[in-house]
Amino acid sequence: MREISYSEAIREAMNEEMRRDSGVFLMGEDVAVFGGVWGVSVGMLAEFGEERVRDTPISEAAIIGAGLGAAMVGMRPIVEIMFGDFLMCGGDQIVNQVAKARFMSGGKARVPLTLRVTSGAPGSAAAQHSQSPESWFMNVPGIKIVAPSTPADAKGLLKTAVRGADPVLFFEHKMLYGETGPVPEDTDFTVPFGQASVVREGSDVTVIAVSVMVKKALAAADLLAAEGISVEVVDPRTLVPLDKETLIQSVAQTSRVIIAHEAHRRSGPGAEIAAMLAEEAVEYLDGPVIRIGAKNVPLPYSPVLEKFVLPGTEDIVAAARSLLQP
Amino acid sequence: MALVREFELRAIEERRGGLIPGFIHSCVGQEATAVAACAALSQQDVITSTHRGHGHLLGKGGDPKFMMAELAARSSGYCLGRGGSLHIADFDLGILGANGIVGGGFPIATGAALAFQMRQEQRVALTFFGDGAINEGTFHESANLAGLWKLPVIFFCENNLYGEGTPQHKQAPIADLARRADGYGFPGVIVDGNDAIAVYEATKEAHRRALAGEGPTLIEAKTYRFRGHYEGDPQIYRKPGELEAWQARDPVPAFRTRLLATDLFDEEKLAEIEASVQAELDEAVAFAASAPIPVAEEALQGIYAETHEGLVF
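Chains as they are written, first to last, in my numbering: chain Z, 1 to 326; chain F, 1 to 313.
Honestly, I wouldn't trust all of these hints.
Computed footprint of chain Z on chain F, listed as stretches where at least three residues anywhere in the stretch have a Cβ under 8 Å from a Cβ of chain Z [to be verified]:
1. 69-79
2. 87-96
3. 110-118
4. 280-293
5. 303-312
Computed list of chain Z residues with no C-beta within reach of chain F, every gap over 12 Å [stated by the list, open to error]:
6. THR56
7. GLY67
8. SER197
9. GLN325
Below, in silico cross-link-like pairs of lysine to any residue (SDA-like), each with a Cα-Cα straight-line distance of 25 Å or less [stated by the list, open to error]:
10. F/LYS150 <-> Z/ASP55
11. Z/LYS108 <-> F/LYS150
12. Z/LYS108 <-> F/GLY302
Since the hints were made in silico from the structure, they are not lab data. C-beta: ideal position from N, C-alpha, C; glycine also.
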């Protein structure tokens with residue numbers, strides 16, 4: 001199977017969906033002429049024109065809300081938010097409008113809106129450009145939350161998001177854009193929501209890893225294998241809906257679990273997953289559910305400080321050892 | 001306009017009587033802006049409304065039965081009892097929703113207008129808002145975007161001189177809010193909001209502009225609300241004599257007088273209309289009072305189109 005980058009996979013998904021359905025369009029800051037500050041939408045303006053690939057002013061609330069309005073009257077907008085940190089500039093529109101429109105209207109509003117957002121620390125981008133906001137919105141019913149870790153998942157999940165009838169926050173980790181991997185060419189290839197992926201099988205400990213931490217979990221698994229510790233890595237892929245069954249099944253087999261995400265540890269996605277496991281998988285657990293996330297401080301600018309704050313491969317290794325070599 | 005006035009008065013009564021559990025933000029005194037602006041729109045145009053939206057909703061074709069049932073939290077209401085006064089919506093009527101967030105509707109109307117422009121449809125989005133909302137960041141962003149892209153939006157400001165409990169002059173450094181349109185490259189028009197014909201004509205012109213591809217218009221309709229921000233509001237903030245001065249210019253009797261001056265209406269005809277309004281409201285209240293109360297589990301419905309076997313909960 002040919003291998004392409006995460007960024008190319010996302011572009012392919014958008015191109016295919018825009019060719020398939022004239023109601024799909026892309027708008028965001030610098031997505032058209034610039035091709036997106038992360039290069040994801042390069043070439044799209046040339047193919048689809050400026051009606052369907054639109055550069056917007058720097059106005060997140062208006063862009064997100066306009067996506068909602070356009071969706072309500074029959075379009076399928078893809079709205080790109082340059083940095084997930086900027087979601088808060090449009091917070092009301094996401095939380096009080098997009099997420100709730102269908103429910104408040106008695107199920108009548110149609111909100112097939114996909115908000116593509118970057119997440120994560122690209123290195124020395126500092127506190128306002130490095131956050132992983134997934135869990136801020138997990139607490140808001142009405143919006144689905146997707147965080148792919150591979151190019152194939154990025155493509156398949158984005159196609160599902162765009163074709164779906166519900167609003168989706170689609171988190172693309174900045175440090176994954178350059179990663180390559182096999183991606184099917186079938187234009188109808190989709191990945192369903194609510195289906196976790198067992199990325200690596202193992203028997204001693206489960207690492208549930210979100211987004212960029214999947215890579216780090218796999219690196220940790222290689223290191224731990226040398227110590228005779230067999231690590232299973234599971235990627236939830238979608239946080240809402242969350243595939244509890246796969247996560248619980250894995251924990252039932254290994255009896256030990258670590259949850260790793262780049263978001264701050266306190267009330268990050270791991271908090272929800274850990275609580276769920278404590279409620280529904282406690283009989284399988286031989287030890288505490290360990291959560292690994294960024295320290296509960298704003299992300300610093302200095303590389304030394306940033307490295308100290310962000311979770312890394314070594315944190316997963318240490319956690320696994322603590323569970324298996326007490 | 002008579003329907004809106006009587007609907008509000010009846011809803012206020014029913015809230016006191018216990019049929020309606022939630023807050024009412026009545027638009028008594030603002031019937032001309034709501035009804036006349038909507039009268040200038042067509043069926044396929046859309047509106048976004050506000051927390052003070054009953055007049056907009058009725059003006060756009062809302063049925064008092066389903067509105068009253070929604071206020072009474074019944075399954076037969078527009079939102080199946082799940083939204084209440086603040087969130088009434090009906091997409092067939094082009095009502096993209098009332099809104100409980102001041103300023104929440106600007107981007108939504110802008111997006112609908114964007115869709116109409118992209119699909120080259122002869123449709124307009126009108127967003128109702130007040131003198132309080134115009135200071136929300138969403139006004140600025142939406143007006144800028146709509147002005148830049150020349151979207152078919154009508155920004156309709158009902159300036160009733162108060163944003164919640166604070167007078168307009170303590171919320172903005174200017175009194176004529178229509179001036180703000182200048183910053184976004186489109187016209188701002190001031191109109192007497194208690195003159196239904198003037199409101200209709202201003203909105204008609206804005207509608208023409210929008211359909212002709214000339215872009216948005218900001219209409220500032222000077223008006224006044226006769227009752228509190230919400231029912232129960234002690235209203236300690238009004239200037240003495242102000243209410244009485246505006247009540248002397250009550251838009252409903254003013255329009256009634258105007259109709260009588262034409263050949264088309266006489267007292268008998270108007271009395272007929274007023275009687276039928278009362279009958280319609282009696283029917284609406286009876287409908288609401290006898291409509292089913294939602295079953296508890298309905299709270300889990302209609303949040304998503306696809307629930308992935310309940311995993312979203």
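Q. What are the numbers of the hints the structure violates, in ascending order?
A. 4, 6, 7, 11
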